[in-house]
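Note that the protein sequences, when read in sequence, are chains A and B. Sequential numbering from 1 applies to the first sequence in my numbering. Sequential numbering from 1001 applies to the second sequence in my numbering.
There may be inaccurate statements among the hints.
With a straight-line cut-off of 30 Å between C-alpha atoms, the simulated DSS-like cross-links for lysine-lysine are [unchecked claim]:
1. A:Lys-11 x B:Lys-1042
2. B:Lys-1067 x B:Lys-1056
3. B:Lys-1056 x A:Lys-78
4. B:Lys-1042 x A:Lys-14
5. B:Lys-1002 x B:Lys-1042
In short, the hints are calculated from the structure, not lab data.
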Amino acid sequence: GAGVSQSPRYKVAKRGQDVALRCDPISGHVSLFWYQQALGQGPEFLTYFQNEAQLDKSGLPSDRFFAERPEGSVSTLKIQRTQQEDSAVYLCASSSIGRAYGYTFGSGTRLTVV
Amino acid sequence: QKEVEQNSGPLSVPEGAIASLNCTYSDRGSQSFFWYRQYSGKSPELIMFIYSNGDKEDGRFTAQLNKASQYVSLLIRDSQPSDSATYLCAVPNAGGTSYGKLTFGQGTILTVHP
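For reference, chain A alone in the conformation it holds in the complex (with noise of 0.2 Å):
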């Protein structure tokens, strides 16, 4: 595509419940990031792929989240057991170098825990 997708636009979970978020980013990008955007905040990094291999997640706040991206492709955040404090956009970034500025960002995804 000609974009990074990701996917569902909105979430609503209960607490307690196991969600998935989807990116698909632009074919050929190398680097894939993960960052999540509290409401009124700047994004905060979560993880880094690059190709398959997770190189950084330092910035996962918890071992509740999980990302994957095992083709080197479409990756997969999995929270379990959501919380209130995880309501946040998840922002999905992809890149075909490892600089900063060759970023594409996706849609994102709004998550709601009730």
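Following the hints, complete the assembly by docking chain B onto the known chain A.
Relative to chain A, chain B alone:
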């Protein structure tokens, strides 16, 4: 101290005025600095980046960098209502990463009123 800090605003300016947005950063080793614009409900969009001390102009936008003071700013001349958005300052690879991880400030909300 947060790695990247911005005046959260909101900042309100009349149409045609100059809007001045400020950002400070803590990592003296940072080499480049980005300004993103984010419309409500949309993903961030890169509008300017700067590497060298001094000014960089692009149309109505001017980025200013002072590495000695660890300060970067964005000036928007002849502000238009369509400039109303949140402006995010971002620093790539703060803390010594090399693959393009971005550290964002909390964003400044700009409103340009007719």
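Practice prompt. Go through the numbered hints given earlier and state which of them the structure violates, listing their numbers in rising order.
Written response: 3
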